[in-house]
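Novice: Listed below, chain by chain, are the residues.
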Amino acid sequence: MVIYYFTSGMTKIKLLVIDDAPYVLKALRDTLEAHGYEVHEAVNGEEALNRYMEVNPDVVLMDILMPKMDGVSATRCILEYDPDAKIIILTAMGKRGLEKDCIGAGASDFIMKPFKTKDLLKTINSLVEDERN
Amino acid sequence: MKGIEVLRAYQEEIIESIPSTIIVLDRGLVILYANRNYYLKSGKKEREVVGQRLDRVFSRALIEKTGIDEKIKETFNSGIPSSGGQLRYSGGLFFFYKIHPLKEIDMSVRRVMLLMEDITELTRLEEELRDSYGKLENAYAELKEEDETKSNFISTASHELRTPLTVINSYLEMFEDGMLGKLKETSTTSSLLCALKRII
Chain A
1 MVIYYFTSGM TKIKLLVIDD APYVLKALRD TLEAHGYEVH EAVNGEEALN RYMEVNPDVV
61 LMDILMPKMD GVSATRCILE YDPDAKIIIL TAMGKRGLEK DCIGAGASDF IMKPFKTKDL
121 LKTINSLVED ERN
Chain B
1 MKGIEVLRAY QEEIIESIPS TIIVLDRGLV ILYANRNYYL KSGKKEREVV GQRLDRVFSR
61 ALIEKTGIDE KIKETFNSGI PSSGGQLRYS GGLFFFYKIH PLKEIDMSVR RVMLLMEDIT
121 ELTRLEEELR DSYGKLENAY AELKEEDETK SNFISTASHE LRTPLTVINS YLEMFEDGML
181 GKLKETSTTS SLLCALKRII
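Residue numbers (the numbering used here), protein chains in the order written: chain A, 1 to 133; chain B, 1 to 200.
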């Protein structure tokens, strides 16, 4: 199933993907671009805010375990700059209470890896729809 | 007279039936009286106790360590009962003591009563409890550390397995959707896709 979220008159959804693993970044880029999204990247939490300011994405996909600055701290930084930022945490960490910490930091949603692509796309589209309405 | 003697005998009977150890001393710290319980606990004879100074009956080391002689003198001077303290005898016996002034009709204090409770068993139980609690605390700390180590390991192992699976799954779904070209269907590719789906 291919989901295209843009039709005439609507712009492509801009995503900022933040993950320190190059092969994960590539896989996400390949998947999301194949589904018609515009994808930008950052490789750690410290770079995340600068890229956010440059790109001004519709949605951020944020990993947690990263060098220099973890995803929860980066989420807080971005939200301090833009309280309306939409951030989805994507993580393979199965730590107790982590989802609560992430939502508490201001994340819009929390998805465990591995995930079904359609579930991720549904979450992204839902956040963008809410914003655009 | 007979009435007084009866009353005295009655009072003595009461004192002898009290489970506590009772010693009565004068201002010179000479022991005037000790009850039956004292003789039972100490193993001493009456002639070794009554009429003797406190430091001839209690060991010098015990008196020096507890300062009980000074506390008795203080009770004589103040007329106020002392707050008490602990005595430890050789052989592992523990006593809790209090000193009460015995006031005359004119409110002067010529005698004091040294009241001692045997708390040996209580002290032993307390020490056992403290020991058990200490062991429990250590065991709990060890268990907590082990649990944390286990949790961290599971979390790390889970993370290391899930991350590459995410990548595999993304491409697998794109293959299935035909976004990466048509996959030649062979028994090998079928088995591969089946195995991957099972893991994910």
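Check each hint, because a few of them may be wrong.
Stated by the list, open to error - The calculated lysine-lysine pairs, modelled on BS3-like cross-linking and capped at a C-alpha distance of 27 Å, are:
id, chain 1, residue 1, chain 2, residue 2
1, B, Lys-144, A, Lys-122
2, B, Lys-197, A, Lys-95
3, A, Lys-95, B, Lys-150
4, B, Lys-144, A, Lys-95
5, B, Lys-144, A, Lys-100
6, A, Lys-26, B, Lys-184
7, A, Lys-68, B, Lys-184
8, B, Lys-144, A, Lys-26
9, A, Lys-100, B, Lys-150
10, B, Lys-197, A, Lys-116
11, A, Lys-116, B, Lys-144
Keep in mind that the hints were calculated from the coordinates and are not lab data.
Novice: Could you run down the list of hints and mark each one as holding or not?
Specialist: Hints versus structure:
For the hint linking B:Lys-144 to A:Lys-122, the alpha-carbon distance of about 40 Å lies beyond 27 Å, and the restraint is violated. At most 27 Å may separate the alpha-carbon atoms for a hinted pair to count; B:Lys-197 and A:Lys-95 meet this at roughly 24 Å. Our distance criterion of 27 Å between C-alpha atoms is met by A:Lys-95 and B:Lys-150, whose separation comes to about 12 Å. A threshold of 27 Å between alpha carbons decides the hint, and for B:Lys-144 with A:Lys-95 the separation of about 16 Å falls inside it, so the pair holds.
With a C-alpha separation of about 23 Å, the suggested pairing of B:Lys-144 with A:Lys-100 holds against the 27 Å cut-off. As the CA atoms of A:Lys-26 and B:Lys-184 are separated by approximately 24 Å, the hinted pair is consistent with the 27 Å bound. In summary, the hint linking A:Lys-68 to B:Lys-184 is not supported, as the alpha carbons are separated by about 44 Å, beyond the 27 Å threshold. For the hint linking B:Lys-144 to A:Lys-26, the alpha-carbon distance of about 40 Å lies beyond 27 Å, and the restraint is violated.
Between A:Lys-100 and B:Lys-150 the alpha-carbon distance is near 22 Å, which keeps this suggested pair within the 27 Å criterion. Using a Cα cut-off of 27 Å, the hinted pair B:Lys-197 and A:Lys-116 holds, with the two alpha carbons roughly 11 Å apart. For the hint linking A:Lys-116 to B:Lys-144, the alpha-carbon distance of about 36 Å lies beyond 27 Å, and the restraint is violated.
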